[in-house]
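Enquirer: These protein sequence lines map, in sequence, to chains L and W. Take the first sequence: its position 411, counting from 1, is numbered 411 in the numbering used here, and each next residue is one higher. Take the second sequence: its position 184, counting from 1, is numbered 623 in the numbering used here, and each next residue is one higher.
Hints in this document: simulated from the structure, not taken from any laboratory. Warning: the hint list may mix true and false statements.
What the hints assert, rightly or not - Dumping the calculated EDC-like pairs for lysine to aspartate or glutamate here, alpha-carbon to alpha-carbon at most 16 Å:
hint, chain 1, residue 1, chain 2, residue 2
1, W, K687, L, E337
2, L, K157, L, E171
3, L, K304, L, E337
4, L, K147, L, E171
5, L, K147, W, E565
6, W, K688, L, E337
This structure is a prediction, so every number in the text was calculated from the model and none was measured.
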Amino acid sequence: MINNLFIPKLGMTMEKGTISEWVAEDGDQVQQDQVVLILETEKVAHELVAPSAGILAVFGKAGEEYLCGTVVGAVAETKDEYDAIKKDPAKFLAEQGTVPIEMLDEAESAAASPEAENAAPASELTAGDQGGSERIRISPLARNLAKAHGVVISTVKGSGPGGRIIKRDIEAVRQKASDATAKAPQTAVPPAAASGERGAGKRVLETIPFSGMRKSIADNLHHSLSSSARVTVMFELDVTDLMEFRSYYSNQAGTLGFKVTYTDLFVLMVSRCLKAIPIMNSSIVGNEIKIWKDINIGFAVAVKRSETESGLVVPVIKNTEQMSLGDIAKARIALMEKARSNTLAMDEISGGTFTLTNTGALSSAGWQIQTPIMSPGEAVVLGTGTIVDRPVVKNREIVIGSIMPMSLSFDHRIMDGIPPGQFMDKLTQMATEPQMILI
Amino acid sequence: MKEINYWQAIAEALAEEMERDETVFIIGENVQEAPFMATRELIQRFGPERVMDAPLSELAIAGATVGAACAGYRPVCDLNFADFIYCAADEILLKAAQQNFAHAGKVNAPCVFLGVAGGGFGTGPEHSHVPSAMVLNNPGLKLVLPSTPYDAKGLMKTAIRDNNPVCYFFHKKLMGLKQEIPEDEYLIPLGQADIKREGTDVTVVATLYMVHHALEAAKQLEGKISVEVIDPRSLEPLDMDTIIESIKKTNRVVVVDEDTQRCGVAAEIGQQIMELAFDYLDAPVARVCSANMPVAGAEMEKYCIPQVEQVVAAIQSVCY
Numbered sequence: 001m002i003n004n005l006f007i008p009k010l011g012m013t014m015e016k017g018t019i020s021e022w023v024a025e026d027g028d029q030v031q032q033d034q035v036v037l038i039l040e041t042e043k044v045a046h047e048l049v050a051p052s053a054g055i056l057a058v059f060g061k062a063g064e065e066y067l068c069g070t071v072v073g074a075v076a077e078t079k080d081e082y083d084a085i086k087k088d089p090a091k092f093l094a095e096q097g098t099v100p101i102e103m104l105d106e107a108e109s110a111a112a113s114p115e116a117e118n119a120a121p122a123s124e125l126t127a128g129d130q131g132g133s134e135r136i137r138i139s140p141l142a143r144n145l146a147k148a149h150g151v152v153i154s155t156v157k158g159s160g161p162g163g164r165i166i167k168r169d170i171e172a173v174r175q176k177a178s179d180a181t182a183k184a185p186q187t188a189v190p191p192a193a194a195s196g197e198r199g200a201g202k203r204v205l206e207t208i209p210f211s212g213m214r215k216s217i218a219d220n221l222h223h224s225l226s227s228s229a230r231v232t233v234m235f236e237l238d239v240t241d242l243m244e245f246r247s248y249y250s251n252q253a254g255t256l257g258f259k260v261t262y263t264d265l266f267v268l269m270v271s272r273c274l275k276a277i278p279i280m281n282s283s284i285v286g287n288e289i290k291i292w293k294d295i296n297i298g299f300a301v302a303v304k305r306s307e308t309e310s311g312l313v314v315p316v317i318k319n320t321e322q323m324s325l326g327d328i329a330k331a332r333i334a335l336m337e338k339a340r341s342n343t344l345a346m347d348e349i350s351g352g353t354f355t356l357t358n359t360g361a362l363s364s365a366g367w368q369i370q371t372p373i374m375s376p377g378e379a380v381v382l383g384t385g386t387i388v389d390r391p392v393v394k395n396r397e398i399v400i401g402s403i404m405p406m407s408l409s410f411d412h413r414i415m416d417g418i419p420p421g422q423f424m425d426k427l428t429q430m431a432t433e434p435q436m437i438l439i
Numbered sequence: 440m441k442e443i444n445y446w447q448a449i450a451e452a453l454a455e456e457m458e459r460d461e462t463v464f465i466i467g468e469n470v471q472e473a474p475f476m477a478t479r480e481l482i483q484r485f486g487p488e489r490v491m492d493a494p495l496s497e498l499a500i501a502g503a504t505v506g507a508a509c510a511g512y513r514p515v516c517d518l519n520f521a522d523f524i525y526c527a528a529d530e531i532l533l534k535a536a537q538q539n540f541a542h543a544g545k546v547n548a549p550c551v552f553l554g555v556a557g558g559g560f561g562t563g564p565e566h567s568h569v570p571s572a573m574v575l576n577n578p579g580l581k582l583v584l585p586s587t588p589y590d591a592k593g594l595m596k597t598a599i600r601d602n603n604p605v606c607y608f609f610h611k612k613l614m615g616l617k618q619e620i621p622e623d624e625y626l627i628p629l630g631q632a633d634i635k636r637e638g639t640d641v642t643v644v645a646t647l648y649m650v651h652h653a654l655e656a657a658k659q660l661e662g663k664i665s666v667e668v669i670d671p672r673s674l675e676p677l678d679m680d681t682i683i684e685s686i687k688k689t690n691r692v693v694v695v696d697e698d699t700q701r702c703g704v705a706a707e708i709g710q711q712i713m714e715l716a717f718d719y720l721d722a723p724v725a726r727v728c729s730a731n732m733p734v735a736g737a738e739m740e741k742y743c744i745p746q747v748e749q750v751v752a753a754i755q756s757v758c759y
């Protein structure tokens, strides 16, 4: 028996995955559920386990990016099978083809977390979650195919005797999925709710599929929120001088060839702060806290994918610790462009170490305090609100000041209050006296 | 090529081997007249010392066979009906089978036990068996079951040259079956299955006359179900590899065997399929065997031994 190892689809928008490293080597004897490779995705490193015990055959290369569903390895039960695969890997891979992405979607919930994965066999055996208690009847071959292609059998209707699921039924599901892929663009608009439709006793106005980008964002945020100890500290920045500082560059836009935005300024200032307070630029990896040398700042951008699908992407400007304000602005402009045209590559939305989210323009009423959620795997997120003119006390006099509300969320698992406090001090110093940015 | 029938193929193999090796001789019941043809006309060529009629005691004939084999001969023991193996059980199942084992590999018993097997003529409960399971249940014996003239000749020659005791059962209903075979000498190794018909939807494993039932069923189902027919040709050694390869393609299997169903050949092959190819099965393994009852004679026989309609029905039952 040969079981394939393929790039799983871990989020609705995930189309590719990069092999970070093979933990087990080609020819190794592996146990079922033993971690054999680390997959890098837009969210986090994901561990792939051996689907069965046997000899590992490695096809995918570390550092290479593969489409979801691509077979990157296989576990052969016997030496003969292993030898047969290795004799002509190209032929073997050609025979395997790729696993249709839609099938992976169905398996996603089961594969998303190790706990769910372990629980999967139980839910495959019983349809208990659908309210029934009957055992699912399925032929060994069909079960094997379903496993190989990530088809959740509790959703498959069997056409064999007594409703037994057979090979034909699994193939029908795969066929349906590949047909759906072909038709996807035309069917993206959800039909208006039939008049009189009700849900839980309430009248339905419209039904929007909770899928695609929305689902991906939901998964990301929920994962972050449920796996961190978030604390949000709110403070205000008097950006009167920073505005003046920025207007200088705005006036020079013609000469420079680009416009400097508050985002650019904050990317620069935050980079300086992170360099001074390295613990703010870190992640928990396993049982260690990794403090990153690279400072990669992500900034949230609202995008519209289609009529019905809109959401957020977080392009990442890499190694901002080495960049000038101009470099940052140019990088930001390029990424924004790609975000709007939906052409961001995986490595342009991954690898972040800190995230900025600017909600200042979302409401003319003035977006004040908020409790932003860290990007998964990051320790800190900084939310900036709407600049409002307010009376402030300066030198014991009341003057008009331009105030930007700030919300700084950090992972209390990694740090206590001192680093965020230092970060606030340093940021405040630079924002109120922009000359300090240059120091 | 030349056309030859089933019994002529066996007789030709015997003659060629007797010609080739003077330690080969035939002993048995009425082998000089040869009511079942297999030894026909050998007496004229090789004389009564090498085509030896024996008194009608199967135990004595088999005992002489085993003794001669141990002494360096390669006897072919013709018991006429395969059913008569029961009379000679001690010599065949215990002595011949275990000789090599009991003497720590120092003594071989190279011999062939020839018997005509199976139903089809309504010959009743003592003349219609294919006692395969009993042979297989006694390790040390090989078992050859030819279904065509080509196989009958090639397998007989190999059986005679084998250094172990080989039971060679040929089928009453196949006697007149004709086939073109090569002019030149050929041998067929034991333990090498033959794909009698290629197909993609279901694998039917069968031996002896059941191969022809399977082929007939395949013909009747043509255009609806594509049937692959595999004839293992010998059940010990048994070529499971070919069977498994076929199942990997078809995912469905029917085992047809003329021996009694209970604890029979089909049960053994079915179990091995389950052990070796469980993950390739899309339907349970089906079997068609003789009923768990004595084989009735005359008109009632057809209710006891497998019929083509049963094979068709079994194929349909797994091709849902």
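Enquirer: Each of the hints needs a verdict: does it hold here or not?
Expert: Now for the hints, and whether the structure bears them out:
1. W:K687 x L:E337: violated (52 Å)
2. L:K157 x L:E171: Between K157 (chain L) and E171 (chain L) the Cα gap is close to 12 Å, so the pair holds against 16 Å.
3. L:K304 x L:E337: With Cα atoms ~13 Å apart, K304 (chain L) and E337 (chain L) stay inside 16 Å; holds.
4. L:K147 x L:E171: With a Cα-Cα distance of about 12 Å, the restraint between K147 (chain L) and E171 (chain L) holds, given a limit of 16 Å.
5. L:K147 x W:E565: Violated, at roughly 52 Å.
6. W:K688 x L:E337: With Cα atoms ~52 Å apart, K688 (chain W) and E337 (chain L) exceed 16 Å; violated.
Checked against the numbered hints listed earlier, the structure breaks hints 1, 5, 6; every other hint is satisfied.
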